[in-house]
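> From first to last, the protein sequence lines stand for chains A and B. Residues in the first sequence are numbered consecutively from 90, following our numbering. Residues in the second sequence are numbered consecutively from 90, following our numbering.
The hints are simulated quantities; they were obtained by calculation from the structure and are not laboratory data. Be careful, since some hints might not be right.
As the list claims (entries may be wrong) - Distance condition first, Cα-Cα at most 20 Å in a straight line; then the derived EDC-like pairs of lysine to aspartate or glutamate:
1. A:476 / A:419
2. B:113 / A:277
3. B:208 / B:198
4. B:257 / A:198
5. B:366 / A:198
To be verified - Here are the simulated distance ranges between beta carbons:
6. B:281 / A:231: 13 to 23 Å
7. A:424 / B:407: 21 to 31 Å
8. B:111 / A:488: 48 to 58 Å
9. A:275 / B:281: 35 to 45 Å
10. A:349 / B:407: 46 to 56 Å
The beta carbon of each residue, even a glycine, is placed where N, CA and C say it ideally should be.
Number of protein chains: 2
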Amino acid sequence: MITVQEAENAILKRLYIPCEESVKLEQSAGRILREPLTADRPFPPFDRVSMDGIAISFDAYANGQRLFPVKGVAAAGAPQVVLHDPSGCIEVMTGAVTPAGADTVIRYEDISVEDGVAKINIEDVHRHLNVHGEGSDRSLDEVIVPAGIRMTPAEIGVAASVGKSFLKVATLPRVVVISTGDELVEVEAQPLPHQIRKSNEYQISAALLGRGIRADRRYIEDTKEEVDRVIAECLKQYDVMILSGGVSAGKFDYIPKAMQDNGVEKHFHKISQRPGKPFWFGSSDEHRTTVFALPGNPVSSFMCTVRYIIPWLDASMQVERRNQQAVLMEDYHFHPDLTYFLQVRTEVDSAGRICAYPETGGGSGDLANLVRADSFLELPRGRNDFKAGEVFPLYSFRQQ
Amino acid sequence: MITVQEAENAILKRLYIPCEESVKLEQSAGRILREPLTADRPFPPFDRVSMDGIAISFDAYANGQRLFPVKGVAAAGAPQVVLHDPSGCIEVMTGAVTPAGADTVIRYEDISVEDGVAKINIEDVHRHLNVHGEGSDRSLDEVIVPAGIRMTPAEIGVAASVGKSFLKVATLPRVVVISTGDELVEVEAQPLPHQIRKSNEYQISAALLGRGIRADRRYIEDTKEEVDRVIAECLKQYDVMILSGGVSAGKFDYIPKAMQDNGVEKHFHKISQRPGKPFWFGSSDEHRTTVFALPGNPVSSFMCTVRYIIPWLDASMQVERRNQQAVLMEDYHFHPDLTYFLQVRTEVDSAGRICAYPETGGGSGDLANLVRADSFLELPRGRNDFKAGEVFPLYSFRQQ
Numbered sequence: 090m091i092t093v094q095e096a097e098n099a100i101l102k103r104l105y106i107p108c109e110e111s112v113k114l115e116q117s118a119g120r121i122l123r124e125p126l127t128a129d130r131p132f133p134p135f136d137r138v139s140m141d142g143i144a145i146s147f148d149a150y151a152n153g154q155r156l157f158p159v160k161g162v163a164a165a166g167a168p169q170v171v172l173h174d175p176s177g178c179i180e181v182m183t184g185a186v187t188p189a190g191a192d193t194v195i196r197y198e199d200i201s202v203e204d205g206v207a208k209i210n211i212e213d214v215h216r217h218l219n220v221h222g223e224g225s226d227r228s229l230d231e232v233i234v235p236a237g238i239r240m241t242p243a244e245i246g247v248a249a250s251v252g253k254s255f256l257k258v259a260t261l262p263r264v265v266v267i268s269t270g271d272e273l274v275e276v277e278a279q280p281l282p283h284q285i286r287k288s289n290e291y292q293i294s295a296a297l298l299g300r301g302i303r304a305d306r307r308y309i310e311d312t313k314e315e316v317d318r319v320i321a322e323c324l325k326q327y328d329v330m331i332l333s334g335g336v337s338a339g340k341f342d343y344i345p346k347a348m349q350d351n352g353v354e355k356h357f358h359k360i361s362q363r364p365g366k367p368f369w370f371g372s373s374d375e376h377r378t379t380v381f382a383l384p385g386n387p388v389s390s391f392m393c394t395v396r397y398i399i400p401w402l403d404a405s406m407q408v409e410r411r412n413q414q415a416v417l418m419e420d421y422h423f424h425p426d427l428t429y430f431l432q433v434r435t436e437v438d439s440a441g442r443i444c445a446y447p448e449t450g451g452g453s454g455d456l457a458n459l460v461r462a463d464s465f466l467e468l469p470r471g472r473n474d475f476k477a478g479e480v481f482p483l484y485s486f487r488q489q
Numbered sequence: 090m091i092t093v094q095e096a097e098n099a100i101l102k103r104l105y106i107p108c109e110e111s112v113k114l115e116q117s118a119g120r121i122l123r124e125p126l127t128a129d130r131p132f133p134p135f136d137r138v139s140m141d142g143i144a145i146s147f148d149a150y151a152n153g154q155r156l157f158p159v160k161g162v163a164a165a166g167a168p169q170v171v172l173h174d175p176s177g178c179i180e181v182m183t184g185a186v187t188p189a190g191a192d193t194v195i196r197y198e199d200i201s202v203e204d205g206v207a208k209i210n211i212e213d214v215h216r217h218l219n220v221h222g223e224g225s226d227r228s229l230d231e232v233i234v235p236a237g238i239r240m241t242p243a244e245i246g247v248a249a250s251v252g253k254s255f256l257k258v259a260t261l262p263r264v265v266v267i268s269t270g271d272e273l274v275e276v277e278a279q280p281l282p283h284q285i286r287k288s289n290e291y292q293i294s295a296a297l298l299g300r301g302i303r304a305d306r307r308y309i310e311d312t313k314e315e316v317d318r319v320i321a322e323c324l325k326q327y328d329v330m331i332l333s334g335g336v337s338a339g340k341f342d343y344i345p346k347a348m349q350d351n352g353v354e355k356h357f358h359k360i361s362q363r364p365g366k367p368f369w370f371g372s373s374d375e376h377r378t379t380v381f382a383l384p385g386n387p388v389s390s391f392m393c394t395v396r397y398i399i400p401w402l403d404a405s406m407q408v409e410r411r412n413q414q415a416v417l418m419e420d421y422h423f424h425p426d427l428t429y430f431l432q433v434r435t436e437v438d439s440a441g442r443i444c445a446y447p448e449t450g451g452g453s454g455d456l457a458n459l460v461r462a463d464s465f466l467e468l469p470r471g472r473n474d475f476k477a478g479e480v481f482p483l484y485s486f487r488q489q
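All chains should be built: construct the whole structure from the sequences, respecting the hints.
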């Protein structure tokens, strides 16, 4: 049995190595960028008017002039107009190119216009007022978004503005989620008294969907032949296999044996944690497939997905992971010498602290309790008493 | 000009009223549940074995018996077996029905088996050990997930286990995002010196996608006729119109006028905030359309989307919104008498506090700066100096 930290280290040594593919800008949300986005022109690309009003030559204003005859109009989207007479002004719209011969913009709110002459009513005018200078945000060819970033609306806006209608992104792994266990029936079915419906595969698939991955789902019956056959088949087809059930010490748990028979090297079996102790992890060098075989208990398999598989995916994608921590809000006692993943409900208090309130339910079989919680708080082993006010690592599974 | 709070109140008075529709379980992630999920049988549905090992009658153990001949095997998924001889035991697998006649399970780790007889090696056995009692998590017909909850992997797991392969969820509004401004060209195009590419519509659409909404995108040229025509058309087709550009005080800003001509009632125009001051908000009772007309500056339109439109969507869906707050980490001075939405980068420190570091860029035109930030920190008006250590409301736009 290994520790949580050892398990994490072992898992992070067997990453999926993404390739590159091109996706449409509109479909890039959540994907990992594999090329830098650079400014194809300066940002902004011209001296941009940033307020509706009039454009003047500052020198005229500095010389004491306050009345400026309106000589024309500059709209956003129109080619640059010219202020030929430096004692005149041009009406300008936000987004317009500052007229040649002008360098300063006075807002409509700060002028009055009568008979085609604008009168400036303020005294704190300076050169370049309300002009967003060419290249003042970013220079030509400057990297705005480096490669390796996860695309969010902010990056998508930048990509559009630099003309990228297609983006080079990291490929996502092909994943299959496999349920095992003869007690399982389909969601649509009416289970017999000794049966339960499949739920883990739906839950795990939904968690993967949060990382943009549409996993296939399969089911294996609890017979040695069937387990062998499906594992051999999936190793050829998928980069990642996630199994749930069939990894504890019971008579009918063929998975670990079948994995080894199929050339999947075991890296560990069992972690000193609750829930999720019987977690089995391996990989096949031949097929370049990573295998997560999770316990069949719904809370266990979900916790392992949140704590190990999602971080593994992020590490595979080479995105920086933001570790979270939260304050335990009630004393908590846990006896076994295991790392305990406590189900908690979090709230941000008025001091900006993430507060974690225990939501203990009926243990690893109590799927329903997850509905009350939003995160797991990782309480380290080697201790039994955890005090209110202490801070522990947090793994959230419910983002706003 | 109204305040941020007044604007929020006005917006939250004109909600989209969702209808109900049925979606497949696999497609329900992020949707708002409109029916309660109830236990169609007790949770768990039988006295469930929670560890691999042997099932015994506790009375025999209590009478001092430690050697139990193995009388059979109970696998997960098999009908209940019977322990006829109370001094014998049944090998049981996790997930199996506890055999009739047995009530207590001893783990393999705590026994040794020789010649078909199991010897119990521990002394702290109690009745029902390692048996997850029928109905101990939830009773028959108990509500597990109430209506009104956003579906996440946890709820999807519950739905599967209670047999819901289709779910009743709230419909999403039909949304169109409209860009305006003659200076705009397509992403694919090479802009002339005075032109820029469309970016706001991509950015806003990507933000809506985070709430499961696939918005249509349109463009209106800056002519009164075109603005009129497209607005009239969209009012008939959409529940929500989000426009960007065309709402400041300039000569070519036809939007507010065209809205009124089309029977859209104005609720406000201009909010005492930066960025995003020229925000225009209205609604058409006739068409039941809500209209957000945002400023054209990319940072302004994005801020308004994050601060007003996403919360409006959540309120329309009647989901509870979790307000966040964060600690400002550096003194900050802001002179104008406006609520200031400061771009910040957040980190959770070792005390579990959300710390907000200012990432100031080139103002509301500086789209590229958003890439460095992850949230807006709302600094109230009526003050100019904000001290490190103070806590303010936080609006995040980059969830992990």
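> Determine for every hint whether it applies to the structure shown.
Hints and how they fare:
1. For the suggested pair residue 476 of chain A and residue 419 of chain A, the alpha carbons sit about 7 Å apart, so the restraint of at most 20 Å is met.
2. For the hint pairing residue 113 of chain B with residue 277 of chain A, the CA-to-CA distance comes to about 12 Å; that is within 20 Å, so the pair holds.
3. A threshold of 20 Å between alpha carbons decides the hint, and for residue 208 of chain B with residue 198 of chain B the separation of about 11 Å falls inside it, so the pair holds.
4. The straight-line distance between the Cα atoms of residue 257 of chain B and residue 198 of chain A is roughly 52 Å, outside the 20 Å bound, and the hint therefore fails.
5. Note on residue 366 of chain B and residue 198 of chain A: the hinted pairing holds, with a Cα-Cα distance of about 14 Å set against a maximum of 20 Å.
6. Range check, residue 281 of chain B to residue 231 of chain A: Cβ separation about 21 Å, and the 13 to 23 Å hint holds.
7. Between residue 424 of chain A and residue 407 of chain B the beta carbon distance is about 42 Å. The supplied range of 21 to 31 Å is therefore violated.
8. At roughly 25 Å, the beta carbons of residue 111 of chain B and residue 488 of chain A sit outside the given window of 48 to 58 Å.
9. For residue 275 of chain A and residue 281 of chain B, the Cβ-Cβ distance of about 60 Å falls outside the hinted range of 35 to 45 Å, so the restraint is violated.
10. Evaluation of the 46 to 56 Å hint for residue 349 of chain A and residue 407 of chain B yields a pass: the beta carbon distance comes to about 52 Å.
Comparing the model with each earlier hint shows violations of hints 4, 7, 8, 9; every other hint is respected.
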